[in-house]
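Residue numbers (our numbering), protein chains in the order written: chain A, 2 to 139; chain B, 2 to 139; chain C, 2 to 139; chain D, 2 to 139; chain E, 2 to 139; chain F, 2 to 139.
Don't take every hint at face value.
Treat identical chains as interchangeable: a pair holds within one or across any two.
[Said to hold, decoys possible] Heads up, simulated SDA-like pairs for lysine to any residue below, C-alpha to C-alpha not over 20 Å straight-line:
#, residue 1, residue 2
1, K119, L14
2, K119, E16
3, K119, A32
4, K119, V88
5, K119, Q51
6, K119, L12
7, K119, A22
8, K119, P76
9, K119, G20
10, K119, Q75
11, K119, T9
12, K119, Q31
Simulated from the structure, these hints should not be mistaken for lab results. Predicted, not measured: the structure shown is a model, and the values here were computed from it.
Protein chains: 6
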Amino acid sequence: MTVTTRYTQGLALLERIDGEAGQRVIDSLQAIAPDLARYVIEFPFGDIYQRPGLDLQQREIATVAALTALGHCQPQLAVHIHGALNVGCTADEVIETIIQMAVYAGFPAALNGMMTAKTVFIERGLLPDRSEVEARRP
Amino acid sequence: MTVTTRYTQGLALLERIDGEAGQRVIDSLQAIAPDLARYVIEFPFGDIYQRPGLDLQQREIATVAALTALGHCQPQLAVHIHGALNVGCTADEVIETIIQMAVYAGFPAALNGMMTAKTVFIERGLLPDRSEVEARRP
Amino acid sequence: MTVTTRYTQGLALLERIDGEAGQRVIDSLQAIAPDLARYVIEFPFGDIYQRPGLDLQQREIATVAALTALGHCQPQLAVHIHGALNVGCTADEVIETIIQMAVYAGFPAALNGMMTAKTVFIERGLLPDRSEVEARRP
Amino acid sequence: MTVTTRYTQGLALLERIDGEAGQRVIDSLQAIAPDLARYVIEFPFGDIYQRPGLDLQQREIATVAALTALGHCQPQLAVHIHGALNVGCTADEVIETIIQMAVYAGFPAALNGMMTAKTVFIERGLLPDRSEVEARRP
Amino acid sequence: MTVTTRYTQGLALLERIDGEAGQRVIDSLQAIAPDLARYVIEFPFGDIYQRPGLDLQQREIATVAALTALGHCQPQLAVHIHGALNVGCTADEVIETIIQMAVYAGFPAALNGMMTAKTVFIERGLLPDRSEVEARRP
Amino acid sequence: MTVTTRYTQGLALLERIDGEAGQRVIDSLQAIAPDLARYVIEFPFGDIYQRPGLDLQQREIATVAALTALGHCQPQLAVHIHGALNVGCTADEVIETIIQMAVYAGFPAALNGMMTAKTVFIERGLLPDRSEVEARRP
Numbered sequence: 002m003t004v005t006t007r008y009t010q011g012l013a014l015l016e017r018i019d020g021e022a023g024q025r026v027i028d029s030l031q032a033i034a035p036d037l038a039r040y041v042i043e044f045p046f047g048d049i050y051q052r053p054g055l056d057l058q059q060r061e062i063a064t065v066a067a068l069t070a071l072g073h074c075q076p077q078l079a080v081h082i083h084g085a086l087n088v089g090c091t092a093d094e095v096i097e098t099i100i101q102m103a104v105y106a107g108f109p110a111a112l113n114g115m116m117t118a119k120t121v122f123i124e125r126g127l128l129p130d131r132s133e134v135e136a137r138r139p
Numbered sequence: 002m003t004v005t006t007r008y009t010q011g012l013a014l015l016e017r018i019d020g021e022a023g024q025r026v027i028d029s030l031q032a033i034a035p036d037l038a039r040y041v042i043e044f045p046f047g048d049i050y051q052r053p054g055l056d057l058q059q060r061e062i063a064t065v066a067a068l069t070a071l072g073h074c075q076p077q078l079a080v081h082i083h084g085a086l087n088v089g090c091t092a093d094e095v096i097e098t099i100i101q102m103a104v105y106a107g108f109p110a111a112l113n114g115m116m117t118a119k120t121v122f123i124e125r126g127l128l129p130d131r132s133e134v135e136a137r138r139p
Numbered sequence: 002m003t004v005t006t007r008y009t010q011g012l013a014l015l016e017r018i019d020g021e022a023g024q025r026v027i028d029s030l031q032a033i034a035p036d037l038a039r040y041v042i043e044f045p046f047g048d049i050y051q052r053p054g055l056d057l058q059q060r061e062i063a064t065v066a067a068l069t070a071l072g073h074c075q076p077q078l079a080v081h082i083h084g085a086l087n088v089g090c091t092a093d094e095v096i097e098t099i100i101q102m103a104v105y106a107g108f109p110a111a112l113n114g115m116m117t118a119k120t121v122f123i124e125r126g127l128l129p130d131r132s133e134v135e136a137r138r139p
Numbered sequence: 002m003t004v005t006t007r008y009t010q011g012l013a014l015l016e017r018i019d020g021e022a023g024q025r026v027i028d029s030l031q032a033i034a035p036d037l038a039r040y041v042i043e044f045p046f047g048d049i050y051q052r053p054g055l056d057l058q059q060r061e062i063a064t065v066a067a068l069t070a071l072g073h074c075q076p077q078l079a080v081h082i083h084g085a086l087n088v089g090c091t092a093d094e095v096i097e098t099i100i101q102m103a104v105y106a107g108f109p110a111a112l113n114g115m116m117t118a119k120t121v122f123i124e125r126g127l128l129p130d131r132s133e134v135e136a137r138r139p
Numbered sequence: 002m003t004v005t006t007r008y009t010q011g012l013a014l015l016e017r018i019d020g021e022a023g024q025r026v027i028d029s030l031q032a033i034a035p036d037l038a039r040y041v042i043e044f045p046f047g048d049i050y051q052r053p054g055l056d057l058q059q060r061e062i063a064t065v066a067a068l069t070a071l072g073h074c075q076p077q078l079a080v081h082i083h084g085a086l087n088v089g090c091t092a093d094e095v096i097e098t099i100i101q102m103a104v105y106a107g108f109p110a111a112l113n114g115m116m117t118a119k120t121v122f123i124e125r126g127l128l129p130d131r132s133e134v135e136a137r138r139p
Numbered sequence: 002m003t004v005t006t007r008y009t010q011g012l013a014l015l016e017r018i019d020g021e022a023g024q025r026v027i028d029s030l031q032a033i034a035p036d037l038a039r040y041v042i043e044f045p046f047g048d049i050y051q052r053p054g055l056d057l058q059q060r061e062i063a064t065v066a067a068l069t070a071l072g073h074c075q076p077q078l079a080v081h082i083h084g085a086l087n088v089g090c091t092a093d094e095v096i097e098t099i100i101q102m103a104v105y106a107g108f109p110a111a112l113n114g115m116m117t118a119k120t121v122f123i124e125r126g127l128l129p130d131r132s133e134v135e136a137r138r139p
């Protein structure tokens, strides 16, 4: 695989996964650090997300989990919540992944991640049907 | 203790400790993840804060310390600075706890925590009398 | 659901997922903080892992991702690599999840996570067939 | 207050709080970075722990909370669990503070903190009477 | 060295390194925690940055690296990007330091650091000539 | 630049910077995740450390700072303290960088980093002449 292939295939996958949200990240870097934009395309999307072993839905669940747990990456979490939904994860899968982080990174990390998810869901005109969940509440 | 007791007692304690700030957290979750709101009530406030061994003032000092040190939880830190004051901690105790975090998590964490405290204190019409402290300055 | 149900169902799920590694965590707490052991059973395994929305394989991928990214939780990461394998994730899925964390938490976090995985795989007499991967190396 | 006073008063307070565990930290730095040892004495113990506004027991609760939550500071957590006990905190207060961190930093941080506490308690010939707690278990 | 000397020399160095951005930090603390402002002057700038062994440019590279990697300190990172430029680091050195953090703390930390750098560079009427970099892009 | 060039140039630079310590990292990955070893060579050493804008001494100061601040990467910090010394940083520059992290990440991070440096310095038969520093102690 050539360097050009990594870039071209990476850009195609970035567009497929993150859509407009990914493109905005790339654009925001052009005036100051276009090489960092290039690395974003080449390494995460040209190398890692191209790999077999996990499908894109599994990869996005892993990423949403990690970014929620780290806590200081809300802009990137928003991009990858878009990404998760774009590759076929359901809103409920995103919500469940974020809730689970209360166990491993604490409630504040889960709460902040959920507020980011809420913003993304509203942006996409999407709030999940929680009636079943509501019905279970004590 | 039944599940219902955990929820009911947790909600009562959340209201006592965090007041309106806690209620806003619960409300903000209703449309997207009401179960996470339920867990906030049941586990931290229904289980942990109900425990003997530390009083509520000690618990809030521990929480203000941890949230300041972690650094990525400013909304929750604001809620718990309200909480600390609501259960009887003084503004000076909150300030001292945050200053001490400069030792364990670095000055940036302490500075960001203090800016959050400043916002809460202003919201409550409360800025501590620092004249004695000022008098000690070189 | 009663409190007893949460505990009983949580313990059963902890045993299914984490097996001996989970039991060792519970045992290690008995002399000092048995209530913390009880909370481990009740909240993560009695509440969270019981939830629909993600299957156990997805949940373990999320957890392996988060613990690798956080970096300071190698004992728990080891337990959950066992857990991932116990619920049907492949060794390659664990490896891929850890590699992906190089993107989000940096290479040191991924390297330390991989060393923990290596220890678990050796303990289980399991090292994945990497011949296909090796053949791709430049 | 002169520089010498900060050092002298800081050293006295370090010895009172952390005892032998603190002295070992200072000794371990002499061959490589004695100035860092000096700063440990002057800033945390000569400046911060000298301040009014919190008593030493409150300060140690705040420190145990923060170090447990940060997760990568187990040696320092051990020193400050000694410190907490040395200034009059009970073993139960230390245990409660660490349990509470499950809420804010996740269960792995609380579990690792508790294992550090266990080591310290064993070193001191001290394991708390948990019979009352045990009696509450479902 | 007397306490007064630490404060006076620290304040002079803070003003030289961080300029207006540093002064704003000090001012923001006066109403709530002037002692924390004093410690910022005395310890980082009166003790640490006064030390031989590293020049100020090296110190600012180390600080920009650390604050980018930690991720939750964007206000302080902005102050120290000003500081790096004020003591003679080039914009390219700041950019390279931040890009390098993608390796050690992950891409999100590097991206957030770069957005902070962009804000500072715009504030100073300064965006580096990246034409050579652009020409290298595939 | 071809993919092969990135790998070849990266490996050469890894060997120059990290020497045996770097090779041990690569070797440790061969049985479990050789691709992660390849990425270590290609991205950090084939892409980032090849870049102009910072020399290798500046890059290692940035890395030692970041790894000390993050706190959960002691094995990698050891490798890069070797690296810093291999590319011409002095032991004092390493020590100063680590001390400075007390300001930004707290004393525990600085203390743990210093203990790692001590291990590396002893391994290399190198402890810096601190007599001048000692003479300044109060």
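Within a copy, between copies, both or neither: which one fits K119 and L14 at a CA-CA cutoff of 20 Å? neither (25 Å within a copy, 27 Å between copies)
Measure nothing new, just compare the shortest in-copy and cross-copy C-alpha distances for K119 and T9 to 20 Å and report within, between, both or neither. neither (32 Å within a copy, 27 Å between copies)
With identical chains treated as interchangeable, where does the CA-CA distance between K119 and E16 reach 20 Å or less: within a copy, between copies, both, or neither? Cα proximity of K119 and E16: none, with 22 Å in one copy and 24 Å across.
How would you label the pair K119, V88 (within, between, both, or neither) given a Cα cut-off of 20 Å? within (18 Å within a copy, 31 Å between copies)
If the cutoff is 20 Å on CA atoms, where do K119 and A32 land: within, between, both or neither? Let me know, please. between (31 Å within a copy, 9 Å between copies)
From the Cα coordinates, with 20 Å as the cut-off, is the pair K119 and P76 best called within, between, both, or neither? both (13 Å within a copy, 16 Å between copies)
First find the shortest C-alpha distance between K119 and Q75 inside one copy, then the shortest across copies, and answer within, between, both or neither for a cut-off of 20 Å. both (12 Å within a copy, 18 Å between copies)
Using 20 Å as the alpha carbon limit, work out where K119 and Q31 are close: within a copy, between copies, both or neither. between (29 Å within a copy, 11 Å between copies)
I want to check one pair: K119 and G20. Are their C-alpha atoms no more than 20 Å apart within a copy, between two copies, both, or neither? within (18 Å within a copy, 23 Å between copies)
Checking an output row: K119 and A22, CA cutoff 20 Å. Within, between, both or neither? both (16 Å within a copy, 19 Å between copies)
Up to 20 Å between alpha-carbons, please classify K119 paired with L12: within, between, both or neither. For K119 and L12, neither the intra-copy (27 Å) nor the inter-copy (23 Å) Cα distance is at most 20 Å.
Given a CA cutoff of 20 Å, do K119 and Q51 count as a within-copy pair, a between-copy pair, both, or neither? For K119 and Q51, neither the intra-copy (29 Å) nor the inter-copy (23 Å) Cα distance is at most 20 Å.
Figure legend: structure checked against the earlier numbered hints; hints not met, in rising order: 1, 2, 5, 6, 11.
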